[in-house]
Each structure stands twice: as structure tokens, then as C-alpha cells.
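If you're matching them up, the sequences are chains G and L in order. Take the first sequence: its position 94, counted from the start at 1, is 94 in the working numbering, and no numbers get skipped. Take the second sequence: its position 171, counted from the start at 1, is 171 in the working numbering, and no numbers get skipped.
Some hints could be false.
Note that identical chains are pooled: a pair holds if it fits in a single copy or bridges any two copies.
No farther apart than 25 Å at their CA atoms in a straight line, the calculated lysine to aspartate or glutamate pairs in the DMTMM-like style are these [said to hold, decoys possible]: (1) K250 with E45; (2) K250 with E49; (3) K324 with D309; (4) K264 with E275; (5) K60 with D332.
No lab work stands behind these hints: they were computed from the structure.
Protein chains: 2
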Amino acid sequence: MGVVIPFGGSADAPLPSLDALVGLVADDMDRVNDGILARAQSHVELIPEIAGHLINSGGKRIRPMLTLASARMCGYSGEHHIKLATAVEFMHTATLLHDDVVDESDLRRGKQAARVIWGNQASVLVGDYLLGQAFKMMVETGSLDCLRILSHAAAVIAEGEVLQLSISQDTSTTEDAYLQVVGAKTAALFSAAAEVGGVIAGRPRDEQAALESYGRNLGIVFQLVDDALDYSGKQASLGKSVGDDFRERKITLPVVLSFRRGSKEERKFWQRTLEGGDQTDDDLIHAQKLMVRHKAIDDTIDRANHYGDIARDALAIFPDSAWKSALLEAVDFCIIRAY
Amino acid sequence: MGVVIPFGGSADAPLPSLDALVGLVADDMDRVNDGILARAQSHVELIPEIAGHLINSGGKRIRPMLTLASARMCGYSGEHHIKLATAVEFMHTATLLHDDVVDESDLRRGKQAARVIWGNQASVLVGDYLLGQAFKMMVETGSLDCLRILSHAAAVIAEGEVLQLSISQDTSTTEDAYLQVVGAKTAALFSAAAEVGGVIAGRPRDEQAALESYGRNLGIVFQLVDDALDYSGKQASLGKSVGDDFRERKITLPVVLSFRRGSKEERKFWQRTLEGGDQTDDDLIHAQKLMVRHKAIDDTIDRANHYGDIARDALAIFPDSAWKSALLEAVDFCIIRAY
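Okay, chain G solo, but in the shape it has when bound (with noise of 0.2 Å):
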């Protein structure tokens, strides 16, 4: 498609990936799925079931895995930045069971939603329990900076859902609003998660601002690679069906640049198919068509090359280490997801 790899090297060197990260923070890793366990615990049944059919469906962990690794780059040798990763993982786990209740969605993650084996008011609520949990272990950790970082980002996070449903539908979104979207919904917890990191370990000002922008910046780079995949080929052997937004009707990035950039006939596609939801078997076969007519699949993933450039020089005031290193080819893992 046109798109130079952006990793230099030669053919034969291994691509980006999440191992070494994910090789370094194992053994906190161990500690805080002990954590997630537990913490899902309940006398009423329904919760740890529920909770448990989300934790075991093979999220990546990747939030929690950056407060770790944040906290440890910071030389942290304290137990808190246990706390801080779990309680992560379960915001953004009650985010996912209320996205479903919202989106009405049928899958996450390849599996059944929890919303259509239990019904949306368990998941509702089962998402409230995880997010009160979630604050229990906030405040267990007696940070208060870190308690108002996490719990901002909450409101942010909804705020951006909220917003994400007043402009759904709206073919006519700018990429600046959608910006707006994916830097609440998605990129507010990615930097909370590296923030309290930084926090915890009592780092000064400079360095904590530098984790929350890298967070921020890889959260709007995961975000952007989402949207591409799912008008992409790749996109099923992940685990996911291809057109999932287009058939929720989501305005992401390769919808926004395709609809600008096209015809008036093309743009009067979009409105039938996504504004007016009126759409046919081969509605998807030829979205996918104008979106490679408008190269707006190659553009979404320049734009968040774009991003990761921000959140790989974020990390540059830090001293190089086995942490910086894993966390800087976190970020190439997220865009090279999309080849």
C-alpha cells in the first residue's frame, strides 16, 4: 500500500513486539493477576463469573504492563505500583463492560459479550463493582496524586463516551473532534496508567509529565491502529470480525478522511450507510473499496506513526535502560499491529 515500514533494519531483523516488555514485568505481572483474582471476588456469584469471563479472554494487559514498567524505569522497589496496575485493569474493565451495554455489541473479543450471555443490567453493575473496587485499591496505596490522576481520568474517559455518542452517526465529524474522542476514551487512561507510575515512585514533576504524554500519545497511536485494522484483511486473524464499525455505524479516522476527501456521491454512501444505517451485503466490500481509493487506510496509520513519534521522544529525558527500551518498542508494536 505504499507505506514504508518504519523500522529501517534489515529484512531479516525481528519485528517490534511486546516481549521484552512483557518478559520484564512478568513477575509483577503474576502479582497483579493474583490482584484481579481476588479483588473480582464476591459472596454474589454473578461477579467473579462475570468478571472472570472478561479477565480470561485475552486482553493483552497492556495498560496495567505500563504502569508497571513506568514505575519500575522509575526505580520504584515499593508494592504499590501492584495496586495502581490492578486497579487500571479493572477501570478499564468496567469501561468495556459498560462500551458493550452501550455499543450493543454481540462480541468483544471474539467471545460472547458479557452483556448477551448475562444481560445489560449485570453488566452495568457488575462494571460499577469493578470501578468501586478499583478506588478501594486507589486508596489503599495512600497516594493521593495518584488518586486524583486515576479518578480524573474516569470522568474524562466517560466524558469522551459520551461525546463519542453525541457525534456518532455525524459523517461530517472533523478529525479534530475525532481527536477529541480517542484522547478521552482512550488515550486519558493509557497516560494515567504510565502517570502513576511516575508518581508513585516519587519522580519529580518533569518525568511524570513525560510518562503521561508518552501514555497519552500511545493510547491515540492504539486507538488509530484499532480503526485501521478494522477495515483491514488482518484484522480476522486477530481474533475480531472485519467491519465491526462500520456495521456499529462508528465514525473512526478511515471514515472521516474517505468521507472528506470523496466525491459527493461517494459522501451521499456514507450518510445512507452509516447516518441512515440503511446498508446491504456489499456495503463493506465498498467501503473498504473508497477507503483505498482515498489511501485512508495508509493516512490513519500515518497519522498515528505520527503519535508515536511524540511518545517515543517523550521518553528521551529518561536514562536508556532494559525498561525504556521495552517501553519504546511498545509503541512499535502498536503501529506495526497494522501491517
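Given the coordinates of chain G, assemble chain L onto it according to the supplied hints.
Structure of chain L alone, referenced to chain G:
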């Protein structure tokens, strides 16, 4: 119905009311109301719109009043009780928004439920936003103890709602199991609201525990009287329709008592209407008749009186004051509502 109204005095004595409490907290409550409006703001218009709909729909604000009055009775002269009271009301509002989705209710305090006007999605997300704002305000007080108490309450409330979901439509629910639900879904926030008033005032542990007990038992009174009112004619005058719980097939204490005390045939009636959901127009009238036959409403109020006594005794360790009198009268008021 043969129940003696438990307020002694002559027939001319004024009925217990919330007037004294409302009068004492009036200045503080103005500031809470300002805070509610300010914190429900967002550039995402849907948020103040939905929050305003619920906030202006005429709730009594009894939970934030508990925080304000508890703090003041404990001699607190700072500012943080305003933020805590506002956070408590936001937690309650968030719960209402999520409850409406869970209950599939069409009415809330006699007005159209937010979910009917704006959809389930917006109700879930705006609830999440208000919860995030609530935690931000708690963090601003800098009191980790208050954060611990209120985040614990948030988890317990959600757990109670899931429990209610599990036992819903099970007519063989015991009184104990039902009280467990009430303790979690209603009493937990009442108790936390009262307790943080003592905590922010820096009072010793025994006074905090007294306020916690007062709030918990007042919350049980409040819920049991609500349950009784739902089957009594007085409900209509409170802007609620009679029989909502019956139509929503909720198992409440009047049902638990009627079912257990009823004949085999009567139990079949409860099973058909509440477990099976097979209801005709005359069934509500018949349900009310069965409740009269078995004194289920009277005894629900009797049980409420029992918890009211505990609430009053809990406050006994505090010296007499206008604040204490007003909090005691609030117990009487919650019970007298039933008549």
C-alpha cells in the same frame, strides 16, 4: 390498620418533618447545590442536560443533608463537608441513572426517566461521569479516610444491586436475604454519608461509628417505608404510581411477608405474578388485599420502627444540640411518611 403512630404527644402536636434539618443545613445546602451545578458542567452538552434533568427533579437530598448535619453536629467549621456532600449526591444520582437502565423503568420521581428520553447508553455513561466527578471531589478534600469509606460504599452498593438482580423474582427470598440487599443498595450510602461527616470533623472512632450506625439504620427505615408505600394508597400523593414494584416484579419485604404467611394458593398467586410475570389488571388489587390479610404492610412498618429505634440510640452518645434533634426527627419523619 391498627398500628399505633409511635410519636406519643397530643393529636395537636405537629407531625415530625424534615423542616428543622432543612433549615439548619440551608446555607450549606445552597453551596452544595452550586457545587452540583458546577460539577455537572461539561463541554459535552448531553452531560449537563441529563444531570440537570435528574438533579432538578425534586429529590429531597436527604443523603447530602446527612453529611452536612453530621459534620456540623461534630463541630466542623471547615469547607470540605460541602465537597463530600456534593460527592455523596453525585454517587446517588449515578446510581439512579444506572438503576433506571437496570430496572428498565419509565418513570423516576414522577418524571420520564432519563433513559426514556436520552437512551440507556447516555444514562450509563453520564452515571459514570458523575461517579468520576464524585471521586475527584473526594480527592480534593485530601481525606484518605473519607475516600476509603465512600469507595467502599460504591463497591457495596453495586454488589447489592447485583445481589438484588440474582434474587429478583424469587418469591422464596428470606427476610434476611432481603435485608442484605437493603443494607447494601440503600443503607450503605446513608451510612457512609453520615460517617464521613464525623470523619472530616476529626472526631474519635466511637463517634464515627455512631454516625455510621445511625445512617445505616436510617437507610433501612427509608427503604422499608418506601417498600410499604409502593403498595399503599398514599404513594400517589408522593408523585409516584402505586404498584411499580409489583409491575417490575420486585421482591420487597411486604411480598416476602405475604408469601411466607400465605396459603398454598396464595403462594401460587405470587409465583404467577412475580416469578412468572403473568399479571392481569386486577392482580395488583388482589396483592394489596393479601397484604392487608397478613398485615404485611403494618409489619413492614413495624420492622422499620425497629431500625428507627437503633438509629436513635446510636446518636445517644452525642450531647444535645439543635443538630442532634434535627437528625433524630429525620428518623421520625422517615417513618411517619408511611402513614
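Which hint numbers doesn't this structure obey?
-> none
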